[in-house]
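Protein sequence lines, in the order shown, are assigned to chains A and B. Residue 133 in the numbering used here sits at position 133 of the first sequence; the count goes up by one each step and never skips. With positions in the second sequence counted from 1, the corresponding number in the numbering used here is that position plus 1000.
Because the hints were derived from the structure by calculation, they are not lab data. A portion of the hints provided could be inaccurate.
Pairs of lysine to aspartate or glutamate, EDC-like flavour, derived with a Cα cap of 16 Å [stated by the list, open to error]:
1) K1074(B) x D1058(B)
2) K394(A) x E54(A)
3) K1120(B) x E1176(B)
4) K1120(B) x D1173(B)
5) K1019(B) x D1098(B)
6) K1310(B) x E249(A)
7) K1353(B) x D227(A)
8) K74(A) x E54(A)
9) K353(A) x E1249(B)
10) K310(A) x E1249(B)
11) K1106(B) x E1130(B)
12) K1112(B) x E1287(B)
2 protein chains.
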Amino acid sequence: MAKEQNERGKQTILDFIRKSGRVARIDIANECNISQATVTTITAKFLAAGLIEEIARDPEEGESRRGRPRVDLKLRGEAHIVAGVKVANSSISVVLSDFEGKPLCKSRKNLKESVSTTRKLARKIGKSIEALCFENGYRLSDLSAVGVGIAGFVDADSGFVHWSPSLEQRNIDFGEVLRARLGIPVFLDNDANLAAMAERYFWHGVDVPNFLVVTIESGVGIGIVMDGRVYRGARGFGAEFGHTKVQLEGALCRCGQRGCLEAYISDYALVQEASVAGTLIAGDTQEQQVLSLFTAAQEMEPIAQSIVSKARRMFAMGLANLVNIFDPQLIILIGNQMQEGLIYSDDMINSVKSSIVRIDNTAPQFVVHPTGDALWARGAAVFALEMIATQSLKEI
Amino acid sequence: MAKEQNERGKQTILDFIRKSGRVARIDIANECNISQATVTTITAKFLAAGLIEEIARDPEEGESRRGRPRVDLKLRGEAHIVAGVKVANSSISVVLSDFEGKPLCKSRKNLKESVSTTRKLARKIGKSIEALCFENGYRLSDLSAVGVGIAGFVDADSGFVHWSPSLEQRNIDFGEVLRARLGIPVFLDNDANLAAMAERYFWHGVDVPNFLVVTIESGVGIGIVMDGRVYRGARGFGAEFGHTKVQLEGALCRCGQRGCLEAYISDYALVQEASVAGTLIAGDTQEQQVLSLFTAAQEMEPIAQSIVSKARRMFAMGLANLVNIFDPQLIILIGNQMQEGLIYSDDMINSVKSSIVRIDNTAPQFVVHPTGDALWARGAAVFALEMIATQSLKEI
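Construct the complete structure from the given sequences, taking the supplied hints into account.
Structure (structure tokens):
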């Protein structure tokens, strides 16, 4: 049929092989609803291009060992190596990944400043990737692409950053800056979108076509997966959750507007409230101060309790609004704050459930994924792999 | 290629013919990226099934009148006739539509009670359709299907109503009740979804793949169109906007929860606030009372002003949250309340704009579509047409 439909066929088959791990041609044809002849033609092209490989299947019990051995197809891990990078508030994490999405090695470097100039941040990212390659016997030129996740308003199509809390300047073609520095393709996206991508490939989102990822780090992020794809909005900067308003003319947010969810639940907001009330919160860094605040609340210190309780109720209200609007199957809560006793608590989830539209039907499921930076960086790697795969399919 | 892809090809071609009005085969092939041979085969099947027809194209100026005349294809209006029904708070509107979506005739009947039993409402809907048919020389058996839009939580796949403000009972298979009564296929959906469908087919959403429709009648509704399709959520009851929370532990809503947007801006909420403050609002019906409230506000009556101003700011906050989350190209505001001087005002839109995430990029566009029930009923008709078309394609 048409060229476009052929492209879609190729993508469908490659995705299905990836998702299956190992799979026979006949199963691809059946499951993808594509003729065996077409599957044979397309997978032959994939084999020739080195994107996939054949592996003999061990005969199953009872199966005859004679005759032509059955053969499975799988992605060829060595086809491409990519780097995935997560730029966080206080660290840069990098992972190298093969074409199967398998992590090869990873690193995490602390950042002294959470906000940098464009040049400085590009240099830090470049150095982190180069160091990880060098330490593990790769050259930068071994990489087919780099995926980068960063907080803020990022146009994933172009790599343009409208604004990021990690960058001093606004309106930077940061993808291009990194491309120029590294000399290989760079793909940039909002970090929560890439966390959603990681969930879809490796964790809770694997078999769930419609889910939301909500992240709390220094800011609040959201990734929306619909019909298996990350939703990025019409102007390309994707969904924004931290600056949805939970209070008319409410607390001042660092974005300059009032009543944003972040102004009630992010680290800086919590620390600030505590300091207003003169509550003693121990610790040098903001992160430590927030931890002591939560500890004090657990130890029933009244002001700490009041601050934490309000933050939880505000977060629950924001989450309930998302559930009402999207009616997702699953909400995945990501980040260290999502441990019981911090922002996350059973009460918080109950408060969400009591604020969502009541129908006599299964309520959406909540899953907590408190996790290190590996998930984020792997999401960035997967993004790079998808972009490279799409490119490769066009050339086949 | 595969059967599923063929189905998609057929759908693509039929959609394109519908959207084009009249179109030559060669243009279908080019625009849809489908081979000419396939277009010829598929359109021959459409012709045989009576879904489309050929019409000779008048030779364009300068074009030779000799040789084979060029032929366009168009939908065959008589292929199917459907009824579209909108159940509103105080009325039932019906439109009959042909397969091209052209309205043939319409009616509007007042409802004495805004809430009915399932049986009563089914009877009223049935009678309205039968009367309209009778008055215009159609028999019920001339109709291929009926589409019905109703407020509440409706599973569009099954026609199951979890809850509707128009029905006394919860959890009713209302689609089945209507099917049994009318003896023809009935398709049911949330009314705001169908308003979105009408916009996509006939008005502001025609060439816009990503837009939101926000409606205010007695309740607040939302329809989400993404990639050209109405988004209905994972549990099938679609997006809910009126019961998103705009105030933590705020005003009590008739749904039993607190702080819902509807509890601040819907007719009953406005009237109730006015009565609390003892503000005189003239009028017998709630609708009239709300109108006098807005008039009083325009005439600078302080309490009326305060009530209206708060309602507008709450509505603006809710709208801004939608914009932040969806980043749509376009927001279409539907309903009588959207006239200047009512909930809608330039100030309200400015207040939305000042609460959305600031990036140096074109802001989403707002369009107001204050409209009668015709739009809603036509959306319901279009829904029925889509369902019938899909069915017909399967049989071809």
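Compare the distance between the alpha carbons of K1353(B) and D227(A) with 16 Å, and conclude whether the hinted pair is satisfied.
30 Å, violated
- prompt: Straight-line Cα separation of K1019(B) and D1098(B) no greater than 16 Å?
  reply: 15 Å, holds
Given the hint that K1074(B) pairs with D1058(B), test it: the Cα-Cα distance must not exceed 16 Å. This hinted pair holds, its Cα atoms lying about 15 Å apart.
Under the criterion that the straight-line Cα-Cα distance not exceed 16 Å, is the pair K74(A), E54(A) satisfied? Given that 16 Å is the threshold and the Cα spacing comes to 7 Å, the pair holds.
Would the hint linking K1310(B) and E249(A) be met if the CA-CA limit is 16 Å?
11 Å, holds
| task | Compare the distance between the alpha carbons of K1120(B) and D1173(B) with 16 Å, and conclude whether the hinted pair is satisfied. | result | The hint holds at about 14 Å.
* Keeping to a limit of 16 Å between CA atoms, is the pair of K1120(B) and E1176(B) held or broken? -> Holds, because 15 Å separates the two Cα atoms, which is no more than 16 Å.
Check: Is the straight-line distance between the alpha-carbon of K394(A) and that of E54(A) 16 Å or less?
Finding: Not satisfied, since the Cα-Cα distance of roughly 22 Å exceeds 16 Å.
Given hint E1130(B) paired with K1106(B) - CA-CA distance at most 16 Å: 12 Å, holds
Hint consistency between K310(A) and E1249(B) [alpha-carbon to alpha-carbon, up to 16 Å]: Given that 16 Å is the threshold and the Cα spacing comes to 11 Å, the pair holds.
Would the pair K353(A) and E1249(B) pass a check requiring their Cα atoms to be no farther apart than 16 Å?
Holds, at roughly 14 Å.
query = CA of K1112(B) to CA of E1287(B), is that 16 Å or under?
reply = Holds: K1112(B) and E1287(B) sit about 14 Å apart, inside 16 Å.
Of the numbered hints listed earlier, those contradicted by the structure are 2, 7.
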